[in-house]
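Peer 1: Could you build the full structure based on these sequences and the hints that come with them?
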Amino acid sequence: MQIIRRPTERGKQAPPATALTIGNFDGVHRGHRALLAAVSARAHQDQMLASLMTFWPHPKQYFADATSPVPARICSRRDQWEAIAACGIDQLFALRFDRSLAECAAEQFIEQYLVRAI
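Counting along the sequence shown from 1, when you hit position 108 you're at 107 in numbering that gives the first Met the number 0, and nothing is skipped either side.
Hints may be right or wrong, so weigh each one.
[Unchecked claim] Capping the alpha-carbon separation at 25 angstroms, the derived lysine to any residue pairs in SDA-like fashion look like this:
| hint | residue 1 | residue 2 |
| --- | --- | --- |
| 1 | K59 | A16 |
| 2 | K59 | T20 |
| 3 | K59 | R41 |
| 4 | K59 | A40 |
| 5 | K59 | H43 |
| 6 | K59 | V27 |
| 7 | K59 | P6 |
| 8 | K59 | P14 |
| 9 | K59 | F108 |
| 10 | K59 | R77 |
Source of the hints: derived by calculation from the structure; they are not laboratory data.
Since the model is a prediction, treat every value here as computed from it, not as a measurement.
Peer 2: What follows is the structure, given as structure tokens:
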């Protein structure tokens, strides 16, 4: 599985056809595995890359303050990514959830990340 941390810096070449799911997938439980297997099967059937976009740290962690504690992560990033790869995902977009991403308008996110980069 290819891990892409900065999809907006991939260069000028057109990105390959991609089937994408977006989420945190902490723990990669049975429901996650079923979804990822379906994305992988459909992508490969249509000769596309099976892709997943996730965020680190979790957005809840980014926005947390002293009055809203964040639940502990179920697994490490490494274990999470290994479990995702085992489900047939070809590329993982690991976006750093920081101020820039938090302040990104929905339309800008769609254009910058989903249309141009992926």
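Peer 1: Each hint should be assessed against the structure and marked as holding or not.
Peer 2: Cross-check of the supplied hints:
no.: 1; hint: K59 / A16; in the structure: 31 angstroms, violated
no.: 2; hint: K59 / T20; in the structure: 19 angstroms, holds
no.: 3; hint: K59 / R41; in the structure: 30 angstroms, violated
no.: 4; hint: K59 / A40; in the structure: 31 angstroms, violated
no.: 5; hint: K59 / H43; in the structure: 33 angstroms, violated
no.: 6; hint: K59 / V27; in the structure: 18 angstroms, holds
no.: 7; hint: K59 / P6; in the structure: 22 angstroms, holds
no.: 8; hint: K59 / P14; in the structure: 30 angstroms, violated
no.: 9; hint: K59 / F108; in the structure: 18 angstroms, holds
no.: 10; hint: K59 / R77; in the structure: 20 angstroms, holds
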